[in-house]
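S.K.: Residue numbers (the working numbering), protein chains in the order written: chain A, 1 to 181; chain B, 1 to 239.
A hint or two may mislead.
Listed below are several chain B residues computed to face chain A (Cβ distance under 7 Å; list not exhaustive) [as the list claims (entries may be wrong)]:
1) His9
2) Gln14
3) Ala27
4) Ser168
Since the hints were made in silico from the structure, they are not lab data.
All C-beta atoms in this analysis are idealised placements derived from N, C-alpha and C, irrespective of residue type, glycine included.
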Amino acid sequence: MAGRPPTDFDLVERARRGEADAFALLVRPHEDIAFRTAYLITRNAADAQDAAQDALVKAHRALGRFRRDAPFRPWLLAIVANEARNRRRAAGRREGLALRAAGETISGDAAPSPEDAAVAAAERQQLLAAVERLPDDQRLAVACRYLLQLSELETAHVLAVPSGTVKSRLSRALDRLREEL
Amino acid sequence: MTELETRLHSLGAQVAYPETPDLLAGAAERLHARPRRHVGLRLVVALALLAAAFAAVLAASPGARSAFLELFHLSGTTIARVDTLPHARALPGWAPGSPVPLAEAQRRVGFRIRLPRRPGDTEVRTVLLDERGGGVVSLVWCCKPTLVLTQFVGEAVPYLRKLVSPASTIELVRVNGKRGYWIAGGPHVVLFRAADGTFHDYELRVTGNVLLWVDAGVTLRLEGELTKAEALALATSVR
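The whole structure should be built from the sequences, with the hints applied where relevant.
M.R.: Below is the structure:
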């Protein structure tokens, strides 16, 4: 084996054979992104947790359908997003502002003055509020592509749309944000 | 990347998301369980603690590296197939609890105790009552074979966990039209949750076969040296 790190497919195969460790190795690195993706869709932490956990269960059951040449993360995120959408539809509500910006922590010589820090924080909050006001399909495209920093392919998987649709939604969203700001 | 895209990109690192929960522990707990909505905080906390307790029990055992091969869920009970059974220390007696008269057990639990109605099976030798978690009643009757019928109100938080070896078969069955499982063919370990705040587990190595089913929210577990047909016939008479 000469120390080759296991590929996603190696781990999938081991998980399919019942190795719980393999499934944990496969999933653990993506827990944050899975939960946050679910949160951006459900806009509620408890629903996001339920959705992401149900998605892990479904992913485990569906390992047999995982393609050898495919990366694991977009596949998992597509399942997570689907569960999150179902949960949000079932909840039948639109939560208010879900996102807020955390305070910036910079220390040492690079630390901005209190005034600059306040201005930067206000600008971040303003930008985030503008993202929140976008139509849902555009908001999610922006949130996935920029806030979660997913690839275009992953964003397409999460939104369950072709890459071309992701591009057009992002383009419309950026135009709208420029107008607002 | 435009300036706006750069700003959005850097904003991503500044978003205050809720803390990511331990999704894997929750998923292991809920594999084969139906998703629940409107779950209260207490239940969420209890599930998390239980998941941790279950993981701890497995981790502390020689079967720590044992893999979950399958999980089955029936109200109040989780059945996990693992490749290596953990070490089990015998529970004193057939089931948890202390002997009490049947009438007293009925007074002290919040559900109607189901009794075998088939002629010849109605002579219950011992009634064991464990009052934790809403009450667990075990009816023991003799003599050949000795049979134990345990019953409790199944909640979303499993009271009973059963670890079975790969040698066991787990078969979905119907008892009076209700879903159940017939577990046979290999040794298995039963973990009884002691919901006294410390989440100990009793362990019991059982050699007989087990039929598990649910009747109107009450989980029933029939254990003993019975064939599947005998167990189903007896269970059908339990009302």
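S.K.: A separate judgement is required for each hint: does it hold in the structure or not?
M.R.: Hint check:
Taking 7 Å as the C-beta contact cut-off toward chain A, the hint placing His9/B at the interface holds, the least distance being around 5 Å. Residue-level restraint check for Gln14/B holds (minimum Cβ-Cβ distance to chain A is 5 Å; threshold 7 Å). The criterion of a C-beta within 7 Å of any C-beta in chain A is met by Ala27/B, whose closest approach is roughly 4 Å, and the hint holds. The beta carbon of Ser168/B comes no nearer than 14 Å to any beta carbon in chain A, farther than 7 Å, and the hint placing it at the interface is violated.
Hint compliance for this structure: hint 4 alone is broken.
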